[in-house]
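Heads up: the protein sequence lines correspond to chains U and Y, in order.
Note that our numbering has the first sequence beginning at 731, numbered continuously upward.
Note that our numbering has the second sequence beginning at 731, numbered continuously upward.
Take these hints with a grain of salt, some might be off.
[Claimed, not checked] Chain Y is faced by these chain U residues, among others (derived, beta-carbon under 8 Å):
hint : residue
1    : L790
2    : I793
3    : S798
4    : G815
In short, the hints are calculated from the structure, not lab data.
The beta-carbon is built from N, C-alpha and C at its ideal position, and this holds for glycine as well.
Number of protein chains: 2
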Amino acid sequence: MNDFTVDERILAESELVCSNTFSNIYLVRDTDLPWFIIVPKIKDAVEIIDLDSEAQQKLLDQINKLSSFLKAEFKADKINIGAIGNVVRQLHIHIVGRFFNDRIFPKPPWGLKQDINKEQAVWTQRFKHCQNIQQLFN
Amino acid sequence: MNDFTVDERILAESELVCSNTFSNIYLVRDTDLPWFIIVPKIKDAVEIIDLDSEAQQKLLDQINKLSSFLKAEFKADKINIGAIGNVVRQLHIHIVGRFFNDRIFPKPPWGLKQDINKEQAVWTQRFKHCQNIQQLFN
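Please model the complete structure; the sequences and the hints are all you need to start from.
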């Protein structure tokens with residue numbers, strides 16, 4: 731993992747909320763969607779099938795934990811999960827909390843991020859809230 | 731499972747290619763994308779976290795098999811996986827083979843299906859080809 735790096739396009743649109751042995755977890759700067767991105771620390775992985783069985787289990791566990799967090803802490807009406815990677819080829823998985831009244835519901839969120847300034851109160855509060863996930867991944 | 735039914739909106743846009751103890755697997759009628767939908771036979775499931783651990787393992791196994799099939803048999807350049815369900819609430823997972831030169835690459839496929847007539851040669855051939863997955867799920 732020594733030469734593991736994260737694609738700069740992920741780094742440009744999100745902030746790190748949790749680093750653990752398996753992955754880095756980012757929170758996308760979006761106005762009204764609590765939107766996580768899991769980036770497994772596995773060099774050159776592109777598809778979920780590139781992961782061995784043990785790594786897939788860890789990924790599934792992290793997807794479960796983030797989904798439950800979005801339900802419990804943000805009262806999400808629906809969880810959207812996606813592994814797409816058509817633009818950013820590095821394996822990354824989106825876990826997005828959706829609300830019946832969010833600005834783009836029922837559309838999928840991809841390509842429709844609405845960037846938020848890191849100084850804005852709604853972002854500051856959400857980012858702080860999401861940093862609590864660190865304890866889930868120790 | 732006795733009263734398990736599949737949402738009519740899934741049935742309207744796809745054809746059944748495989749039924750197994752865990753799920754029904756459908757092939758979406760799309761012009762140029764080999765596009766599977768897994769529908770677990772679990773009544774009232776909406777989110778992946780609604781599945782117990784055993785069911786999640788079966789789902790992961792089926793995602794792996796379909797992803798490998800798309801790579802091996804259709805030479806897909808990328809696999810797109812999504813669990814969205816904002817419109818059709820019944821739990822269903824999309825596994826889509828993508829190509830650098832498909833008509834909408836690199837956009838995600840959701841909402842961009844291009845329906846194909848069941849009589850067309852490209853569909854007939856793909857559907858027949860995909861029926862071979864039945865042996866993977868026996």
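Contradicted hints - numbers only: none
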